[in-house]
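> Each chain, written out:
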Amino acid sequence: GAGVSQSPRYKVAKRGQDVALRCDPISGHVSLFWYQQALGQGPEFLTYFQNEAQLDKSGLPSDRFFAERPEGSVSTLKIQRTQQEDSAVYLCASSLALASLSYNEQFFGPGTRLTVL
Amino acid sequence: AQSVSQHNHHVILSEAASLELGCNYSYGGTVNLFWYVQYPGQHLQLLLKYFSGDPLVKGIKGFEAEFIKSKFSFNLRKPSVQWSDTAEYFCAVRVSGGYQKVTFGTGTKLQVIP
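Taken in order, these protein sequences are the chains called A and B.
Per my numbering, residue 1 is the first one in the first sequence, and the count goes up by one each step.
Per my numbering, residue 118 is the first one in the second sequence, and the count goes up by one each step.
Hints in this document: simulated from the structure, not taken from any laboratory.
All clues stand as given, with none of them false.
In silico lysine to any residue, SDA-like type, Cα no more than 20 Å apart, as pairs:
#1 B:Lys226 to A:Leu39
#2 B:Lys218 to A:Leu55
#3 B:Lys218 to A:His29
#4 B:Lys218 to B:Ser120
#5 A:Lys11 to B:His160
#6 B:Lys218 to A:Gln50
#7 B:Lys218 to A:Gly59
#8 B:Lys218 to A:Phe45
#9 B:Lys218 to A:Ala97
#10 A:Lys78 to A:Ala13
#11 A:Lys11 to B:Gly158
#12 B:Lys218 to A:Phe107
#13 B:Lys226 to A:Ala38
#14 B:Lys218 to A:Phe65
#15 B:Lys218 to A:Asn104
#16 B:Lys166 to A:Phe107
#17 B:Lys218 to A:Ser58
#18 B:Lys218 to A:Asn51
#19 B:Lys218 to A:Gln37
#20 B:Lys218 to A:Ser73
#21 B:Lys186 to B:Gly170
#22 B:Lys218 to A:Phe66
#23 B:Lys218 to A:Gln54
#24 B:Lys166 to A:Glu105
#25 B:Lys218 to A:Glu52
#26 A:Lys57 to B:Ala118
#27 B:Lys226 to A:Pro110
#28 B:Lys218 to A:Pro61
Incomplete in silico selection of chain A near chain B, CB under 7 Å:
#29 Glu105
#30 Phe108
#31 Pro110
Computed from a prediction, not measured in an experiment: that's the story for all the values here.
Ideal Cβ positions, reconstructed from N, Cα and C, are used throughout, including at glycine.
Chain A extracted, bound-state conformation (with noise of 0.2 Å):
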């Protein structure tokens, strides 16, 4: 079936300017994370949903990071007024997860590229 898909692949923007990036989990999976991966490093845990609702946004280094997730499917992850410190690939991964104490495994998207110049 297919996997975690996320689009663009590939953004470059202005700083200043605002993004969205979207993902798209794989169908039935009830938990939705967002990662941020900067170079040289592993991948920081932004925010967690569980369908719809945002349990989970500690990771979110600033309130220009805002992501939603409304019928609980596809999710957008926006930043605004971006800056150059935003530059990283941006992961997210699903999983079946259904109650906060059990655990699936989380498969992971392709990640989108950004770019902030």
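Got chain A; can you put chain B on it based on the hints?
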């Protein structure tokens, strides 16, 4: 909060050499541990995981990892690497009983020379 350290940032091996990648975590409670791999041009994917039971876990492609609780370590091993193992490897930890959040290390790039 939990954290993960991977001490080797870049490892170069010849084919058939043995591999051991170090991973240490900091968290005093019960954890779940993972190794993820990212082959060139591909998505991040799960290599193996430890939840409980036998501390020696086996994953895909001949990889294994050993959980040593007293050392807070979860090192990845493979007896004989192949050129196709060239990839970046990430160790990760999740607080057991917590929700889904996974904390990753900074990764180790493995280059296998034919």
